[in-house]
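Whenever a hint applies, use it, and build me the whole structure from the sequences.
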Amino acid sequence: MRRIISILMENEPGALSRVVGLFSQRGYNIETLTVAPTEDDTLSRLTMTTTGDDKKIEQITKHLNKLIEVVKLVDLTEGAHIEREIMLMKVKATGAQRAEVKRTVDIFRGQIVDVTSTVYTVQLTGTTDKLEAFINAVGEAQVLEVVRSGVSGISRGEKVLSL
Amino acid sequence: MEMLSGAEMVVRALQDEGVEYIFGYPGGAVLHIYDALFQQDKVNHILVRHEQAATHAADGYARSTGKPGVVLVTSGPGATNAITGIATAFMDSIPMVVLSGQVRSDWIGDDAFQETDMIGLSRPIVKHSFMVRDPSQIPEMVKKAFYIASTGRPGPVLIDIPKDHTAPNKTFPYEYPKKVKMRSYMPVSRGHTGQIRKAVDELLKAKRPVIYSGGGVVQGGASEALTAVARKLNYPVTNTLMGLGAYPGTDKQFLGMLGMHGTYEANMSMHNADVILAAGARLDDRVTNDAKKFCPGAKIIHIDIDPASISKNVTAHIPIVGPVKQVLEEMLTMIDEHDSGPDHKSLERWWQEIDGWRQVHGLRYEVNENGPMKPQQVVQALYKATNGEAFVTSDVGQHQMFAAQYYLYDRPRQWINSGGLGTMGFGLPAAMGVQFAYPDGVVACVTGEGSIQMNIQELSTCLQYGLPIKIININNQALGMVRQWQDMQYGGRHSQSYMESLPDFVKLAESYGHVGMLVDKFEDLQPAMDEAFALKDRLVFMDIYVDSTEHVYPMHIADGAMRDMWLSKTERT
Numbered sequence: 001m002r003r004i005i006s007i008l009m010e011n012e013p014g015a016l017s018r019v020v021g022l023f024s025q026r027g028y029n030i031e032t033l034t035v036a037p038t039e040d041d042t043l044s045r046l047t048m049t050t051t052g053d054d055k056k057i058e059q060i061t062k063h064l065n066k067l068i069e070v071v072k073l074v075d076l077t078e079g080a081h082i083e084r085e086i087m088l089m090k091v092k093a094t095g096a097q098r099a100e101v102k103r104t105v106d107i108f109r110g111q112i113v114d115v116t117s118t119v120y121t122v123q124l125t126g127t128t129d130k131l132e133a134f135i136n137a138v139g140e141a142q143v144l145e146v147v148r149s150g151v152s153g154i155s156r157g158e159k160v161l162s163l
Numbered sequence: 164m165e166m167l168s169g170a171e172m173v174v175r176a177l178q179d180e181g182v183e184y185i186f187g188y189p190g191g192a193v194l195h196i197y198d199a200l201f202q203q204d205k206v207n208h209i210l211v212r213h214e215q216a217a218t219h220a221a222d223g224y225a226r227s228t229g230k231p232g233v234v235l236v237t238s239g240p241g242a243t244n245a246i247t248g249i250a251t252a253f254m255d256s257i258p259m260v261v262l263s264g265q266v267r268s269d270w271i272g273d274d275a276f277q278e279t280d281m282i283g284l285s286r287p288i289v290k291h292s293f294m295v296r297d298p299s300q301i302p303e304m305v306k307k308a309f310y311i312a313s314t315g316r317p318g319p320v321l322i323d324i325p326k327d328h329t330a331p332n333k334t335f336p337y338e339y340p341k342k343v344k345m346r347s348y349m350p351v352s353r354g355h356t357g358q359i360r361k362a363v364d365e366l367l368k369a370k371r372p373v374i375y376s377g378g379g380v381v382q383g384g385a386s387e388a389l390t391a392v393a394r395k396l397n398y399p400v401t402n403t404l405m406g407l408g409a410y411p412g413t414d415k416q417f418l419g420m421l422g423m424h425g426t427y428e429a430n431m432s433m434h435n436a437d438v439i440l441a442a443g444a445r446l447d448d449r450v451t452n453d454a455k456k457f458c459p460g461a462k463i464i465h466i467d468i469d470p471a472s473i474s475k476n477v478t479a480h481i482p483i484v485g486p487v488k489q490v491l492e493e494m495l496t497m498i499d500e501h502d503s504g505p506d507h508k509s510l511e512r513w514w515q516e517i518d519g520w521r522q523v524h525g526l527r528y529e530v531n532e533n534g535p536m537k538p539q540q541v542v543q544a545l546y547k548a549t550n551g552e553a554f555v556t557s558d559v560g561q562h563q564m565f566a567a568q569y570y571l572y573d574r575p576r577q578w579i580n581s582g583g584l585g586t587m588g589f590g591l592p593a594a595m596g597v598q599f600a601y602p603d604g605v606v607a608c609v610t611g612e613g614s615i616q617m618n619i620q621e622l623s624t625c626l627q628y629g630l631p632i633k634i635i636n637i638n639n640q641a642l643g644m645v646r647q648w649q650d651m652q653y654g655g656r657h658s659q660s661y662m663e664s665l666p667d668f669v670k671l672a673e674s675y676g677h678v679g680m681l682v683d684k685f686e687d688l689q690p691a692m693d694e695a696f697a698l699k700d701r702l703v704f705m706d707i708y709v710d711s712t713e714h715v716y717p718m719h720i721a722d723g724a725m726r727d728m729w730l731s732k733t734e735r736t
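Going down the list, the sequences are from chains A and B. For the first sequence, our numbering gives the first residue as 1, with consecutive numbering after it. For the second sequence, our numbering gives the first residue as 164, with consecutive numbering after it.
Not one of these hints is a red herring.
Covered stretches of chain B (chain A as the covering partner; in silico rule of three or more C-beta atoms under 8 angstroms from a C-beta of chain A):
#, segment
1, 277-288
2, 344-358
3, 462-476
Since the hints were derived computationally from the structure, they do not count as laboratory data. Note that CB positions come from ideal geometry on N, CA and C, so glycine has one too.
Encoded structure:
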């Protein structure tokens, strides 16, 4: 099962390598990974998606918690949550395709953020499913380049991940 | 406030931490620290002959005392040589602080002379690591390193120190922190009372209980509490390889070691148990055999300080995360206050069944009347010569298993071996660490001609510091455990397991300034052993030739259950 694990960790050199190293060392899989500072400059927030059965996920969270620099973590998929990923994509936009791509972007509520005579650069935000649906809708033959941020997430309601 | 250089701060912090011994080897990146060490006499530096031995010696010191072992090595090869010893300590949860030199900070990343990324290299085998980025961090880092290494589930902590941060010409205010608090590291201090109560209820309902205790009981200082619980309930106890001595080996409730080379009665009791109290043990593959077939009828109560050890290999029915000593003590109180006691009737039947298994005598072996002596006989002669009271360190292989099976350990921290990583070359340097900790203690290193050659250079260190270790070299002229597996699983094809061109160990010992003895006849064994241990102030290297065809039994049949064992070359369960 796919899980989103969100981690608050000390903003110190080497902390990220410990998290990533743990995954390769113990044979766990990272599908996406995103990390950035938070409102508290001593802390970083790291969000990753991984897959595994309950037993494996339990081991992953236990081992992450053992890392000295990990302050707190939450498995967002355990409760209601919001997840977003941002994608930038270059799409062929010539001839009849030009209007077709524009329509598809509108349907998915994306934005065209750069234009040349043959290429649109599209920005799209949403869940992983939505981004994949968009890629399928445009058609892989039209896609020139894709860059995705990886998943970020936050729980719904009043629950917060903080110290 | 006192002003000290980085190097002086390192040494002063070790003094303030109460460090008696530091095991190390100098080199370019740590010369400032060595100069600061030279100018004081509180921390004794022990010069080894190879950095791997420094880590094993510090490890032996830590295992025998419970205090963190301390290591100092230089950058590059000094640091990489220490890796095996750090990994050994990590696998067995041994508290250790390793200080490694690093090239000067402005050269890091430039492939400078003797540069290696020690933080990166050691990452999977340390509990934590620090890189000094400013000399003013040193006191707090040292304090944190000792705190992390010795609390919770212990383990090695590394501090990587670039040379420029120890330079003598720059000084900084020094104050050693009295306490350390880390928001991201708070080891559990108590087990959950509700869980402990549930465990006690379950334990008292048991009809076929077994207490299975591991290295955590030794490391956690919980032997007394464990023994008290076991005696109060009159339940059988088995220890893991790492837990030997946690419960007295000569006690009538003791079943011997369990697992791959465990006793018949220990493994049979486990397989047939209805409640297992696993205390400070991690149900690893050398114990469980096939985890899916492990103890099918048992409810498992699992006490461990590390939540990640619980339900990793085998699901625990009643998990208790906490210090094993505190949890067992609380259990003892609850048992006393409980309105019911153990089920004596069932227990009586259970002990009868166990006594039946004991009659199988799984540790029997055949003696060669006129042929070479058996390795088991050597360990038994050692037991007799030392009255069962010696510290015994071992290397890795058949001799290790014989030393675990035939020497009965009555005290925790008496038996010192590399259980998790299985590091050949561990025994002699570990014995050095033990002998430093207990200058008047009797220390024996049980080894083989394969393992001893992996750190034989330490005979020189032993001479320098006058360490009267007794080396029991069980010489079967083969890598015995490899050969045993080749006999059992590879049609007897002894690929690379024969030790050719062995040195004359007697002369070798003598050339290092020690006493060497050759024993190749059984009738000479006990007298020679007694003579060696009578030489109280000398290191004696006993080269003892034994039967090279002997196997260790019992032995788990691969991918089977706990009860599936070979009992000899021809008999199986």
